Structure formats: structure tokens, C-alpha cells
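Protein chains in written order, with the numbering used here: chain A, 1 to 441; chain B, 1 to 441.
What the hints contain is simulated information worked out from the structure, not anything from laboratory work.
Since this is a predicted model, take the numbers as computed values, not measurements.
Virtual Cβ for every residue (Gly too), placed ideally from N, Cα, C.
Among these hints, one or two may not hold up.
Covered stretches of chain A (chain B as the covering partner; in silico rule of three or more C-beta atoms under 8 Å from a C-beta of chain B) [stated by the list, open to error]:
no., region
1, 140-148
2, 317-324
Cross-link-like lysine to any residue pairs, in silico, SDA-like; alpha carbons within 20 Å at most [unchecked claim]:
no., chain 1, residue 1, chain 2, residue 2
3, B, Lys420, B, Leu374
4, A, Lys5, B, Pro341
5, B, Lys420, B, Val405
6, B, Lys240, B, Pro341
7, A, Lys240, A, Gly292
8, B, Lys5, A, Gly338
Number of protein chains: 2
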Amino acid sequence: MPGQKPIKVALLGCGTVGTEVVRLLTDHAADLTARVGAPVELAGIAVRRPNKHREVPAELLTTDAQALVESDVDVVVEVIGGIEPTRTLLLQALRSGKSVVTANKALLAEHSGELFEAADSTGADLYFEAAVAGAIPLIRPLRESLAGDRITRVMGIVNGTTNFILSGMDSTGASYGETLEEATRLGYAEADPTADVDGFDAASKAAILASLAFHTRVTAADVHREGIAQVSAADIAAAKGLGRTVKLLAICERVSGGGADRNDTANASEFISVRVHPAMIPRTHPLAGVNGAFNAVFVEADAAGEMMFYGKGAGGAPTASAVLGDLVAVARNRVVSGRGPRESAYAALPVRPMGQTPTRYHISLDVADRPGVLSQVAAVFAEHDVSIAAVRQEGRVDDASLVIVTHAATDAALRSTVDKIGGLPVVRDVVSVMRVEGEES
Amino acid sequence: MPGQKPIKVALLGCGTVGTEVVRLLTDHAADLTARVGAPVELAGIAVRRPNKHREVPAELLTTDAQALVESDVDVVVEVIGGIEPTRTLLLQALRSGKSVVTANKALLAEHSGELFEAADSTGADLYFEAAVAGAIPLIRPLRESLAGDRITRVMGIVNGTTNFILSGMDSTGASYGETLEEATRLGYAEADPTADVDGFDAASKAAILASLAFHTRVTAADVHREGIAQVSAADIAAAKGLGRTVKLLAICERVSGGGADRNDTANASEFISVRVHPAMIPRTHPLAGVNGAFNAVFVEADAAGEMMFYGKGAGGAPTASAVLGDLVAVARNRVVSGRGPRESAYAALPVRPMGQTPTRYHISLDVADRPGVLSQVAAVFAEHDVSIAAVRQEGRVDDASLVIVTHAATDAALRSTVDKIGGLPVVRDVVSVMRVEGEES
Chain A
1 MPGQKPIKVA
11 LLGCGTVGTE
21 VVRLLTDHAA
31 DLTARVGAPV
41 ELAGIAVRRP
51 NKHREVPAEL
61 LTTDAQALVE
71 SDVDVVVEVI
81 GGIEPTRTLL
91 LQALRSGKSV
101 VTANKALLAE
111 HSGELFEAAD
121 STGADLYFEA
131 AVAGAIPLIR
141 PLRESLAGDR
151 ITRVMGIVNG
161 TTNFILSGMD
171 STGASYGETL
181 EEATRLGYAE
191 ADPTADVDGF
201 DAASKAAILA
211 SLAFHTRVTA
221 ADVHREGIAQ
231 VSAADIAAAK
241 GLGRTVKLLA
251 ICERVSGGGA
261 DRNDTANASE
271 FISVRVHPAM
281 IPRTHPLAGV
291 NGAFNAVFVE
301 ADAAGEMMFY
311 GKGAGGAPTA
321 SAVLGDLVAV
331 ARNRVVSGRG
341 PRESAYAALP
351 VRPMGQTPTR
361 YHISLDVADR
371 PGVLSQVAAV
381 FAEHDVSIAA
391 VRQEGRVDDA
401 SLVIVTHAAT
411 DAALRSTVDK
421 IGGLPVVRDV
431 VSVMRVEGEE
441 S
Chain B
1 MPGQKPIKVA
11 LLGCGTVGTE
21 VVRLLTDHAA
31 DLTARVGAPV
41 ELAGIAVRRP
51 NKHREVPAEL
61 LTTDAQALVE
71 SDVDVVVEVI
81 GGIEPTRTLL
91 LQALRSGKSV
101 VTANKALLAE
111 HSGELFEAAD
121 STGADLYFEA
131 AVAGAIPLIR
141 PLRESLAGDR
151 ITRVMGIVNG
161 TTNFILSGMD
171 STGASYGETL
181 EEATRLGYAE
191 ADPTADVDGF
201 DAASKAAILA
211 SLAFHTRVTA
221 ADVHREGIAQ
231 VSAADIAAAK
241 GLGRTVKLLA
251 ICERVSGGGA
261 DRNDTANASE
271 FISVRVHPAM
281 IPRTHPLAGV
291 NGAFNAVFVE
301 ADAAGEMMFY
311 GKGAGGAPTA
321 SAVLGDLVAV
331 ARNRVVSGRG
341 PRESAYAALP
351 VRPMGQTPTR
361 YHISLDVADR
371 PGVLSQVAAV
381 FAEHDVSIAA
391 VRQEGRVDDA
401 SLVIVTHAAT
411 DAALRSTVDK
421 IGGLPVVRDV
431 VSVMRVEGEE
441 S
């Protein structure tokens, strides 16, 4: 479109993703112009240490991110990460009418409300496909494709590092510590792996997915979060023994009807539950085959039924692809004076605390191999009102392995059951206690 | 949004999908209003026989589709199917500035250029998520999420009827005829199954996917099309013997560099190839596990890498979900005076004819079990410049089975090779010849 005023872009941050964004903007310039209807021009790149970025044009580099945001750019692309100064910069951009494309899951999971309000005050766009599951189109399907349906469940593997570690433990039988070490050595885990292994990254993503799926503001603080550091080789072995495997899942559910008795939710007829925790899933489940650094997300909706999205969940190029897709969308919106979807949080569903969210459990015990053991154990379950779905007992040389899978029970009921069982003289060891997902209850 | 002017919708057609559209519009009315920013109001439903539609409000029914399109509606939703009178009605709608949501793959695969031009003449929207793979968000990811990337390949199972039949043949060993009969009895195949089993439906979808993926107008006539009627129980058995299964695939590829010598494409450095045919794929391939009426599509892009989309590819509710998602999008665009993506066909890449598109082949022969047979057969391959990738020979009582998998070869070279091999005295029967996909060549 010769003659068409270019869309000017400010890039904040130039790490792995930023460098790829610059490369794609350069390599695909002609295509992007045709797709947007105007040239897309990189106006500046804000970095902390300009001399560390020899792979991008030096004349675009600046250390003054604020001045870049305040300049006459149309779009701000943010790949710095972290909460501050990013939050302040993006609020400033949106309040001055600049559209924002961001990959910042932590920021969105804390401050999306504030960011959307800033966008609304000027009619600017806020896009964030790259914030969840890298290149896999997931935000747009939830926010747009399924906007006429009623989403009931989103369940997926959204963190590559923990998936790499759990896949490794499953295939080698090694411990969590050994496998984490290997992942760090190979570059799949960061030097400080906390954000990944303790589930913070997955919890941010779960908050974003739940917000979109249920038209409700959900922040990271609303997400029940358990990491993988407690997953033992015994858990993995116990899962294998029953044709299951262990994955760190992010689960967002719409729950109808009662079951909650918190005062503030007493009158609600619908709740949501958002959680991140390791769980055993059947090896035949499509998520079981998602290995290494790949991500996959299941979505269930009333009319659409079950869908799955699969692909590379992280990395410079895949994340940059998602950023560029959003950049094309917001730039197109500028050209036609249109606007993308706004925040949709009208439903404002209450979040049900994990203590009231029943899930199924897999419990593996070492027990004495003699008559009456099963009935003693079963009596404890009955006493706590935890219903047993399946039992498998196998004799060994001088003891027996007893595996119990429950029907849905709350954490509290399960914990008291397990505590009491652990104290029975016939039970030698509670080998593994883990949630079970992906099966009919 | 009380006080906001409603978005008036005309529905053309009220079969399985239309009925579900009406149901969702009614059941989700409050949600749709909140998501769109204005009430979405069904203004009329055009049908041929009003007395046959007792499940929708009688006062909305009309037999005069043209008058409904000409009335003061904002959006026309089309679920009639077929080319005429649909084409004329939609052109009329778009030319008078009404946005169109359609599920009509055959119409889009023939006339999308004309429809987009009509939309462009007034700035109306043309959305068609429901035209390919039912509820699976696929159009929006290709058209928007990957708009900043370079898509190299789209390969998938996009027809549920043929997939149901091939899954059935694979699990029972029954013939094509028997399995088709069963599919018809169960309602998975229509009384006249031609559009499905001869690949017309999949070819329309392939044309739509290729158009979006490669920013090029591709019509059904550009698609090389082979159906499944020739797939024999012997083909299925031969596939099984080597850990493969047979699927009807739609494949859209970007091919760089030479290899074509048609005059009109002689100077092009890039081509596309679009085809629908049965092919053997490894049982370990993610598409191999897609059974029955499900659809799944692989997409590969330079930066994003490999992605897969999976879900229900047909049926009233899933298709209606896709229609409603589009309806929310075009209605939102009306509310904010914005506009969705326009046709993007600027790349205008030449389509390479199938005769020049090399693919790999699996050939299964019954041969005499005596020395020298393999060398005679191999010599014929060498003579036609078809390179052999793998061979497996197995002796039986008085003959032998010889399976050959080739490297990529053109149809023409393969056909002459097979013709000549069929004439060799040592070859008793050419049991099966079929393309192989989803493996490294």
C-alpha cells in the first residue's frame, strides 16, 4: 500500500523473543505490509544495555523506554517481562491511545483489569496471544472463536520445563532432583527454576485462560497452586503400574450448583475452580502423549464439544510468531480505525476455593499381606465419606501393594483419610498420594 | 447494554445447524448481549417449508429469503448450503453493507473472490469459521493468529464421513462397500455419499485452507482430488503390516524453488500444492489416532513450528458454535464501527499441478518366491528414476510378499514404474499402491 501512513512500533525488550520479533519484522516486511494494509515500521527498541544487542540495528536502540513509549508510535510491543517498570510503561502507552501487544503472563495475571481499563479509556487494543502456550493460538480461540458458546473446562499442559522434567522422570525412573539437574544442564530449566517448578508460571497462565473462558476477572492469587518438587520416583512408578502418567496440569472449570458454603458465594448458582497441580492421567489420554517442551490444551464447550490445541509452548521463534500475529491484528485495526475485543468480565463468577473442590485421588500403600487389611483400610475411607472407585492389591514377598482410586473427594476429606490410614498398624508406608484427572468419575 | 441499538440478524436456512443457531441465540441471549455490547436479535428465518420447522418461533419464519436479506438487518447468517440461490443472496447482502457469516464451504471454494470483492465494496465483514472443521477454531488462527508468520504446510483430516469409514475398515478388516453401508445405516454417511467419499467436501475445505495459509486465491478446481472408493481391504492390511494406517488427507503445501516447468509458472520461485487423497501414515503419527467423526489439522509455520488442532468436525451443535463465534465478532465490529480481516490474496502463488508434485509411495506386490525377483523389480524402479527408501520381502507357502516404500516421486514416474512391474512375469499381483505421508523423506 504505497502512500499509506506506516504503523510505527516500539519494541520494549530485546531478549530471545525480542530478537526474533525484529528478525520477523525485517524478513517478512513486504508480507506484513500487504497483510496489514500499511508498512509496519520499527521505530525503536528499548533495552538496558545497548552494546549487548549487536544483532539488531544500533540506531534503533535506546535505554529510555519511557521516551520511546511517549514518542509518536502507534503500537507498543512488550517482551521485557516482570511487573515493574513494565506495568507503568504499558499503562502509559494505553492511556495515550497506543495499542499494546504483550507476552507478559505474570503482569496480565496480576493487573489485567487495570490494563484493560486503561485501554478502554482511549479505545486502544490490548492483545496477548504470546502470554500463554507460545505460538499455539489459544487466546484468540477462547476470546473470539468460542465467544458464542459456553466454555465449561480448559485443561492443559502449559509449562514446558515441568513437562520436560516429568517426561524425563517417566522415561528414566530417575528422581525429581536428578532430572531437574539434567534439565538445567540442557537449558530446559533456568538457573533459578522456581517460577516453573513451583507452578507460578502455569498459575499465571491458568488465571489468564480462566478469565477469558469464564468472562470473569481471575488473578494468580485465585489459582490453587502446587508445583512438581514433591513428585517422587515412587509417584511416577505408581502411576505407571496402573497405565497412568504424571503431568502438571492447569485446570479451569465451571461448576454448576451448590457445594460451596463460603458466605460470599452462598447465593451463587455457578462457580469456577482454577488450579495447577500434578495429576495422574491415563496413558491413553491425548495429553499423556505431550512430551518435552510441547504444550497442549483441551477446551470443552457446551455446543462445540471437546477440542485440543497442541504445539510449541515456548522459545524465541514460536513466541515471536504469536507476537507478530497480534501485531498484524492491532496494526490492521489502526488502518481501518477498528478495534479488537475488549475485556469481557461481565459474568464475575465466584472462584470456589480448593478446599471445596472435589477431585479424584490415587493412593498407593505398602501394607502387611494378611487377611483383613483391605477391610480396615476401606473402613477408614467409609468413615470419612470418601468413596472408593477402584482397588488393586498385589502380594509381594513379605508385604503387599495396595492401590486405591477414589471418587471425587475434597482435599480436606482426603487428607484426614490418608492421615488415619498412615497410622494403621497394618499400613507400612503411604507410597504415593496424587490427584487423578482425565477419567470419567 | 440497555439502550444500545440491537444487532439484527437474518438466518438463511434452518436445518440441523440453523436450529442449533436459533437455540444458542435464545439460550445465551444475555451472554451474547454482554459479549457483543448490544442485544443480538433474530429478525427472521428463511426456509422453504415453514410448516416443517415447529422447533423455532413461527412468527420469524418466511419463505422469502430475498426480502429478508433486503430488510433492515445488520448481519446475514447463511446455513442453506449449495451454490444458488445462496451466492446471489450473499452477494446482495454484502453489496448492501450487511455482514455475512457462512458455513458454506462449496460456495467459498468456488466464489470467495467475488464474495470478498462484494464485502470490500461496502466494508462489510465476511466470516466463515464453520466452513472448515466444524467447531475447531482453524480459520481464525490461519487468518489472524499466524498472520505474522510464514505458513509452510497444512495437513489434516477434514471429513468425518470418510474418516469414520476408514477407521471402520482399519478396525474390522471389512471392505469399503460393507463399511460404507454400515456408515449409512448409522447416519454417518448420507444416502448419496458422493460429496464425502469422492473427496469433494475435503477438496473445498482444502481450497479454503490453502487460500488463507498462502494468501492466494485457490478454488476447488485447483485441488487434486482422489476419494476413498478405491481403498481396498488389501490396502488397509498392507498399511497395518508396516505399522501404518490409511487416512483421507487434505494437504496444502508451500514448495520453494524449481521442479515445475509449466510455462506460466516457469519464473516463479515459489509454488503451492493442494491435494486431497488417501494416504498411509505411521500409526505413531498424531493424525493416526483421530478416529470416527473427529477432525484434526496440522499446521506448520516457519517461526511457530508445528501445531495441531483437534475436535468435532461436523454436527449441528459444533457447527453452530463456530457460527455464533463469528456472529459475535461481526456484531462487535458493528458496535465499534470496526471491521474484521479482508481477503488476503496478494501473494498469488502459482498452484503446481499434481503431475509435478512428488510424493512417497507404498507398493505391495505378490511375487514369485525365487532368487532374482527383487533385483528385477528394483531394476524397473531405477530405470524410471524412482528411488527406493525401504524394502520388505516375506516368503509364504508358494509365493512372497514384497513391500516397497519409495522416496518422493511424481505420479507419472510412479505410474509407469508400477505399469511395467505389473507386467513382469515374476510379479503375480500388484496388491496395493498408495501414497505415504507424515514420515521424513
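Hint-by-hint comparison with the structure:
1. Chain B is given as covering the region 140-148 of chain A, and this holds because 7 residues of the stretch bring a CB closer than 8 Å to a CB of that chain, at least three being needed.
2. Coverage of a stretch by a chain is defined here by at least three residues with a beta carbon nearer than 8 Å to that chain's beta carbons; for the region 317-324 of chain A and chain B the count is 7, and the condition holds.
3. With a C-alpha separation of about 14 Å, the suggested pair Lys420 of chain B and Leu374 of chain B falls inside the 20 Å cut-off, and the hint holds.
4. Among the hinted pairs, Lys5 of chain A with Pro341 of chain B is consistent with the structure: their alpha-carbon atoms are about 19 Å apart, no more than 20 Å.
5. Restraint check for Lys420 of chain B and Val405 of chain B: satisfied, since their Cα atoms lie roughly 17 Å apart, inside the 20 Å limit.
6. Between the alpha carbons of Lys240 of chain B and Pro341 of chain B the distance comes to roughly 44 Å, so the proposed pair goes past 20 Å and is violated.
7. A threshold of 20 Å between alpha carbons decides the hint, and for Lys240 of chain A with Gly292 of chain A the separation of about 18 Å falls inside it, so the pair holds.
8. Between Lys5 of chain B and Gly338 of chain A the alpha-carbon distance is near 19 Å, which keeps this suggested pair within the 20 Å criterion.
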